[in-house]
Amino acid sequence: MASKNTTKDIITLRGSSAIVSEFFGYAANSILYNRGVYPEESFVKVKKYGLPMLLTEDENVKSFITNLTAQLSEWLEAGKLQRIVLVIMSKSTGEVLERWNFSIETDKEAVEKGVSREKSDKEIMREIQAIMRQIASSITYLPCLDEQCVFDVLAYTDNDVEVPFTWIESDPKLIANPQMVKLHAFDTKIHKVDTLVSYKNDEWDEE
Amino acid sequence: MRRSDMNGYSFNRLPSPRSQYDILPGDRFIPNRSLMDISRAQTLLSDKPVQRSPDSTFNEEYRKWVEENLTLGSDGKPFRMLVFRGTPKSGRTSVPPVDEFAKEEVYRKREEDLKLRKRIQQLPKSPDKCLDAPNLIDNFYINPIDWGKNNILAVALGSEVYLWNADNNKIQKLMEIDDGSDYPTSVAWSKGAKMIAVGFQSSIIQLWDAQTSKLIRTLKGHKRRVGCLAWNDRFLTSGGFDGLIINHDARARENSTSTQGHSSEVCGLKWSGTGKLLASGDNNNVIKLWEASNMRSDRVVHRLKGHCAAVKALAWCPHQYNLLASGGGTTDWCIKMWDSNTGKCIQSIDTTSQVCALEWNRHHNEILSGHGYIKNQLSLWTYPSMSKVADIVEHTSRILWLSQSPDGLTVVSAGADQVLRFWKVFQPADARTTEGESLFSLKRFHIR
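Here the protein sequences come in this chain order: A and B.
For the record, in the first sequence the residue sitting at position 184 is 184 according to the UniProt record's numbering, with numbers rising by one throughout.
For the record, in the second sequence the residue sitting at position 253 is 253 according to the UniProt record's numbering, with numbers rising by one throughout.
Looking at chain A on its own, in the form it has when it is part of the complex (with noise of 0.2 Å):
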């Protein structure tokens, strides 16, 4: 098949967009297990990149998640994508309480040129790894969500871009005053991507 390569250790443009949007898709789904945006029983555990991820069975959520990725992976391959932020927002309020920021660095030469890159395998899956943990460990300082919450996901494209109508123009949804958490980030040599939570804080805090 295609996109996937037979040698370990040569990235290519194509395999590292798959890559990346698949960790996009994974990291998603742990955001909304973590941060309670669905049940609990509503995920089921796989294994990948060497640690039990939690992957949600409800269909909606699934084909929302698949659409989303396979844009972005169309997207990657262009190298038009800047960034993508998972929104979590108040059902009630819609007041934005957490953003998850995942920006992207892309090699402009494997873009134009077509060059692909040498990087083992193994090193990015530990980069990844790190990243999920500290995902599921963000729970210890994030301040909980007791309520009804809802996601959303924003995409930070280049102006020349090709945009199907399933996207629609959006405002960023910041929110005021956010206390920023930086976590790892993973370069498969041809994108970098870097992770950074920012939430609202705790006004219990504020004291």
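Quick caveat, the hints were computed from the structure, so don't treat them as lab data.
Please note that a few of the clues may not be correct.
In silico DSS-like links for lysine-lysine, alpha-carbon gap of 27 Å or less [what the hints assert, rightly or not]:
{"#": "1", "chain 1": "B", "residue 1": "Lys173", "chain 2": "B", "residue 2": "Lys194"}
{"#": "2", "chain 1": "B", "residue 1": "Lys149", "chain 2": "A", "residue 2": "Lys113"}
{"#": "3", "chain 1": "A", "residue 1": "Lys192", "chain 2": "B", "residue 2": "Lys276"}
{"#": "4", "chain 1": "B", "residue 1": "Lys276", "chain 2": "A", "residue 2": "Lys45"}
{"#": "5", "chain 1": "B", "residue 1": "Lys191", "chain 2": "B", "residue 2": "Lys173"}
{"#": "6", "chain 1": "A", "residue 1": "Lys119", "chain 2": "B", "residue 2": "Lys276"}
{"#": "7", "chain 1": "A", "residue 1": "Lys108", "chain 2": "B", "residue 2": "Lys191"}
{"#": "8", "chain 1": "B", "residue 1": "Lys276", "chain 2": "A", "residue 2": "Lys189"}
{"#": "9", "chain 1": "A", "residue 1": "Lys113", "chain 2": "B", "residue 2": "Lys214"}
{"#": "10", "chain 1": "A", "residue 1": "Lys173", "chain 2": "A", "residue 2": "Lys62"}
{"#": "11", "chain 1": "A", "residue 1": "Lys113", "chain 2": "B", "residue 2": "Lys173"}
Rough simulated footprint, nothing fancy, chain A against chain B, three-plus residues with beta-carbon under 8 Å [to be verified]:
{"#": "12", "stretch": "78 to 84"}
{"#": "13", "stretch": "314 to 324"}
This one's a predicted model, so the numbers in the text were calculated from it and none came from an experiment.
Ideal Cβ placement from N, Cα and C applies to all residues, glycine included.
Chain B: place on chain A using the hints.
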């Protein structure tokens, strides 16, 4: 520390010391000071807050203009902000009170009627262009037309293959087969339209370089006519009368894997948008879904049964990656929608006519189907309601093939009457105005 017994979510384990400690310490982390804007924090702490009265000289319009034109990301690059509104996320929408519901129903019906009328007005009354296609073979089981990304339409007429350039209307003959008994039965442009594959009645497949009109390679493997071709990046998949599905690697010599996919002729072959799944329809009314990496005949991912006639028309939805549409032939007449994740039939519509081809609209939620007896019409349907928008009747005998232009606005229909008709049937995506609003209206779908 990173052995398989480690539960990623247990917080009680201390990181094991020294020897295993590498640059990535696992789930513990130290906040990164690079994020803190120390100078700003200092200012906020020490300076007295300054009251700023709204500057009345600031023109609202000017401010908007500045925002629009000077929005740059933190790295200085201009960007667009997009939010995904594809499929509604969950069934957990709240139930509105009853009479509000009824009012909403009436309003929605009126709105839908208006939309329908507007859409019908936009449909072409006659073809944008007509091209004569003499010697076009009237055979349900072949696929002689394909519109490539280079905007060139390849057509197999009799024993020859022609290339028609949609930009400048020039026609060029690609090749002609001299053997009197053989003729091309399928054509397919590669993804980047650099190569074109031609399958023949005699079971061979030829790969041609379109720009130089040179034969690159001849591929063998089938025992009978090659009726279907489908490209997946650099792999060419072919389906034949013998029921075999063969994956050829176009770049390497003598590199192909063959599967006895079906017990009867393979009529339809389509790779999904993501290139992960292959759908193949056969003459025994069955559709099979295969995974790219695992094409052994006992490793079918799903068997989609339900049609009662040959399945030639197959089309993957461009905006919902697990949705496959299929059309049944004579006596079946149905268009069926399948979920490729579960293998279940989600919807089935009786169109009262043989379905020979399907094309999804890339810019809106619509699907176009080509039919045979009696009306030989093109039918346009909205998805997901699958209500018919209109019929376009002009062909004098059955439509056998449909192909879409690379910009997704024109569809060419061809059939037994040997005329290629080009229809500007699909409208371009609107720039975030009424169309986008009503399809995915935020007031109807909660942000879920």
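Going through the earlier hints one by one, which of them does the structure break, listed in rising order?
11
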